[in-house]
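Given chain A, work out where chain B should sit, using these hints.
Protein chains: 2
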Amino acid sequence: MLEERIRLAQLRDRIMTAEEAASLVLDGMTVGMSGFGAAGDCKAVPLALAERARKQSLQITLMTGASVGYEVDGVLAEAGAIRRRMPFQSDRTLRKQINAGDAMFIDLHLSEMAEQLRDGYLGPVDVAVIEAVAVSEAGIVPTMSVGNSAVFAALAKKVIVEINLDMPLELEGLHDVYLPLSRPNREPIPLTNAAQRIGLPYIPLDPQKIAAIVVTRKGDSPNKVLPPDADTTQIAGHLSSFFAHEVRAGRLGASLQPLQAGVGSIANAVLHGLVDSGFSGLRMYSEVLQDGAIELLDAGCVDFACASAIMLSSEYQTRFFEGLDRYRSRVMLRPQEISNHPEVIRRLGIIAVNTALECDIYGNVNSTHVGGTHMMNGIGGSGDFARNAYLSVFVTKSLAKDGDISSVVPMVSHVDHIGQDVDVIVTEHGLADLRGLAPRERAQQIITHCADPLYRDALRDYVAKASKRGGQTPHLIEEALAWHAHYRERHSMRPDQTLPQASQPVAEPA
Amino acid sequence: MLEERIRLAQLRDRIMTAEEAASLVLDGMTVGMSGFGAAGDCKAVPLALAERARKQSLQITLMTGASVGYEVDGVLAEAGAIRRRMPFQSDRTLRKQINAGDAMFIDLHLSEMAEQLRDGYLGPVDVAVIEAVAVSEAGIVPTMSVGNSAVFAALAKKVIVEINLDMPLELEGLHDVYLPLSRPNREPIPLTNAAQRIGLPYIPLDPQKIAAIVVTRKGDSPNKVLPPDADTTQIAGHLSSFFAHEVRAGRLGASLQPLQAGVGSIANAVLHGLVDSGFSGLRMYSEVLQDGAIELLDAGCVDFACASAIMLSSEYQTRFFEGLDRYRSRVMLRPQEISNHPEVIRRLGIIAVNTALECDIYGNVNSTHVGGTHMMNGIGGSGDFARNAYLSVFVTKSLAKDGDISSVVPMVSHVDHIGQDVDVIVTEHGLADLRGLAPRERAQQIITHCADPLYRDALRDYVAKASKRGGQTPHLIEEALAWHAHYRERHSMRPDQTLPQASQPVAEPA
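Chains as they are written, first to last, in my numbering: chain A, -13 to 496; chain B, -13 to 496.
Isolated chain A, as found in the complex (with noise of 0.2 Å):
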C-alpha cells in the first residue's frame, strides 16, 4: 500500500515519526503548513511541535493556506509556540493570543501572501509541511486543498510530507497547479474559464527537498456550518430574486457569471438557497467550497466548481468521497493564488459573495474587526473578490446579540472594504443595490432596505444632521463611532437605552 502512497523507492527511507519529523523545526524558525479551512492541513507535526514546545523554547512564525485545524492553531497556540502567524486564522485560543497582544498576526489578502514570500522580504521558508495522498519522484499530491503549499514547497529548504492514508488515493487528478513565474518573466494566467486546466495535478517538487515523511491517518476536522434559518433563508431568497431580476434586464445570463461564495454559515445559506431558485448551469470560481457547493452539483444546478479547499461536514465529507469519480471531472482545487487571483477574477467577472460583521449606511464593510479593535479571523480572500469582482455581494443579518447591536451603522469601527468595493449589501429585511449611486443616495438605499426597524429611524436622524453639515459623505464625526463606544459602556446600541441624541447642528468652519 505504502507504494502506491510513496512512488519513489528512495523516499520510503525517509519515513518517521511524528517527533523525528518534528525535530526538524527549531526555535525561531519560519514554517509554512498546509492547510485552508482545515482542509488538507497537516495531522500529525503540529502535534509534535506542540509537545515539543511544552518542554523547551519553541515559538514559529506560522504561514498556512487560510485557517487550519484546531490541532494546528489551537494545539499550537495552547502550548505558546506561535508568535508569529499568517495570512488567516480562526481559532479560538490564537486569537485570544492575538488580541492580547502576544501573537503577531499578520492579516493578509489571500492571494498576496505567495506574491510576499517570492518578493523576499518575509524571509525565508525554514520547513514546509505539506500533507499529501501520495509522493512521487515529480511531486506531491495534496488532498482536500492546495492554498499556499505549491509556493512553500518551492521556496523551502526543507519539506515534511505528512501522508495520510485516510485521504482517499482517488483524489489524485482533482488539483491542477499552476503558479506565475517570477518578475519580470510572468506571463499572463492563461485562466480564461473556470473550468479550463492550466498546470499539473500534482506540486511540483524535488524529492531532494524532502527531509521526512510522516504517515498519518486522519480526517480532517468536520466544518461546522450553523443550518440555514429564517434570516438566512431570507437573505438567500432576496439574492435569488435580485439575479433574477437581472437576468430579465439583460444582464446577466441564464447561468449568472461564476459564483465565489466566501467562508461561513451565512455564505453556505445563499448557496443552499441557489438549491430551488430555478437557474442551471451555473459554476463556481471561489476559495473554498462548502457543502452548499456539494449540494448544488448533485442538485445538477451548478455544473462545475472549483477553488482552493473543500472544507465539508462530516455527511458530505463522506458524500464527497463516495461519489469521487462523480466529482473529478466537475471540481477543481488550485493554488489560493490562482483562486483568488485579481486577474482571474476580472476576466472571468466574478459574482462574489461574503458575509460583513457590519456595514455603515455608506456602504464600507467591516470584516475582520470586533467593535473596531478586537480580530475575529482575517480579512481571508474577501479584498481579492470584492475589489474585482463584476458584481460585489456581502451579507449578514442585520442584528446582533439579541438586537443590541446593529449591523447597519453610522460608520464601521474597523474598514476592511471600501465603497467602491460594495455593490450590494443583502440582510434578512431586503436588498440594497448600490451601483452607480453616490454616498447620499447609498443610505437611502441601505437604511430603507437593510437596516432592521429597531435602528431605521436612529440612523435616519443620524443622516438628517449629518447632512446639514454637508460633505459628499456626510458624517457627525464626534458621534460617528458612538453606537460603538456605547455598545461597549452598555451593552447595547439600542436608540431607548444608549443612543445619546445628536447634538445640535454646528456651522461648519469657514
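Take these hints with a grain of salt, some might be off.
The list treats identical chains as interchangeable, and a pair is accepted whether it falls inside one copy or across any two copies.
[Unchecked claim] Below are the DSSO-like pairs computed for lysine-lysine, each with C-alpha atoms no more than 30 Å apart in a straight line:
id: 1; residue 1: 387; residue 2: 144
id: 2; residue 1: 82; residue 2: 451
id: 3; residue 1: 387; residue 2: 454
id: 4; residue 1: 454; residue 2: 82
id: 5; residue 1: 195; residue 2: 143
id: 6; residue 1: 383; residue 2: 143
id: 7; residue 1: 210; residue 2: 383
id: 8; residue 1: 204; residue 2: 143
id: 9; residue 1: 454; residue 2: 195
id: 10; residue 1: 387; residue 2: 451
id: 11; residue 1: 387; residue 2: 195
id: 12; residue 1: 82; residue 2: 387
id: 13; residue 1: 41; residue 2: 143
id: 14; residue 1: 451; residue 2: 143
id: 15; residue 1: 451; residue 2: 210
id: 16; residue 1: 387; residue 2: 210
id: 17; residue 1: 195; residue 2: 41
Calculated directly from the structure, the hints in this document are not laboratory data.
Frame of chain A; chain B shown alone:
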C-alpha cells in the same frame, strides 16, 4: 490642412459650430467626454453646453476619464449643468456642489468605469465628445490622453469629435488603444512589459456614429504643480534611499520595477528627486505623466514611460511638443482601463507612489475626504495601484495647516486604502516600512518615522492606553476620531490646545 485632420471627405460635411454640436445633448442625457487630468479634454462643446444651460433647463450626467479642466467641470458646474458626475473631479465649484449634495458624485476606481459601462447598469452613453488630432474612416486619433474615450466611442449612440488644430499631428503614433472584449470572450491582456504595444494607434470608430465635428484651436490647461520644497525634497530623499536599500538587499534590480506616480505636487517632487538618485533604465507604468516624468526621460533615468494622460506645465508642454520625434518611441498613452488594470499592475510588479491626505498609526490611508466628510478630488487610480502593486508607497507631509493638522492620526476619518494595501509610508521625517508587520508593530514604525514630533507623544499615549484594552488593532473607540472632532471645533489638533486626556482604561466587557 483640414484634409490631414479629417481624412474622410464625407466627414467634412459634418463640421459645425460648437453650439450646433452641443444641441445634440439634451436635458437628462449621459455624456462621456474625453479628458484625464485636464489633458485632452474638450475645449468647445462644454462651453457651448454651459452657455445653453444658463438659458434653459439642462442637466447632464457627465463621465470623463478623470479630472478635466476648469472649462469643462468649472464652467458646466457654474451653469448648474452637472447633475451626476463620475469617476473623478478636481474642480473648485463642482466640489462645492458635490459637498453640498447638489451634484451627485460617484467616486470610482479609474480602471472600473469602462467595466461598469459595459456591464450596463450605469445606463447608455447618449453622446460622446472626444478631442482628437485627426479622424479617419478607421477611427479617431486622440490628443494628450486616452482615458475612457475608447469605451465612450464604442458605447455612445452619437459621437462629437473636436478636432484641435493646436494639438500637433505628430501626436499620432503615441497611442496604444486596446480594450478587453466583453465577457465571456475576455482574453488575457497580452501586455507583459511596460513598453509593449498591444493595440491600435487610434480609437476605432464607425464614422456613421460621428454626428458632428467641431474644429478648435486651444491648448490644454497648464498643469499646476508646486515646485519641490524642503519637505518634498526630504520625502524624495527617503524614498530614494529606501530603493537603494532594497537593491542592496537583492529585492530590487538596479532599474527597480516599473513606477507609478500619482497626480500632484508631492508625487511630482518624488520623481524630480530621482533625477540625481543614480538609478537608470527605469520605466514608468502610470496613469498620468507630469513634468517629473519628462524630466526623468530627458535626464536618461527613465527609458520608457506610459500612462493614460500627459498633463504638463506650460514650459513642459512646449518642451514636449518640440521634442515629439524624440519622445514618440519612449512615451505611450493607453486607455485608463489598461494603464490602471489590476491584471497588468500585478503582473508587471509596479512600484506605486500615491499621496495620502492622512494616514493612521495602523497604516490605513485617507486619500479623499477632508475631515472624513468633504470630498477633495476622488480616489482616482490609487486603489487600482495600491492593492495590486509590488510595492505600495504613500507619501504625505506630516503636518498641514501650519501644524494644526497632523497627517498621522489615531484613526483616519475616512478609509480609502486599508492597511493591507499600504506597504510604505513616507513623510519628511522618514520612512516606515510596514511590510510583514502586525498592526501593533506598524504603529511603532509610523509614529517613530513619520509623525511630526509635535504629535508623537500624543500618538504614543493613545497607543499605550488603547493597547491596555487589547485587540489586534487597539483603539479607544470613543476617542478614535477625537482629533478630527477637535480640529473641527477648535481649528487645531495640537495636543496643548485641544486634545483631551485619554480616559482611564476601562475593563473590557467579557
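Hints violated by the structure (listed by number, smallest first):
1, 6, 9, 11, 14, 15
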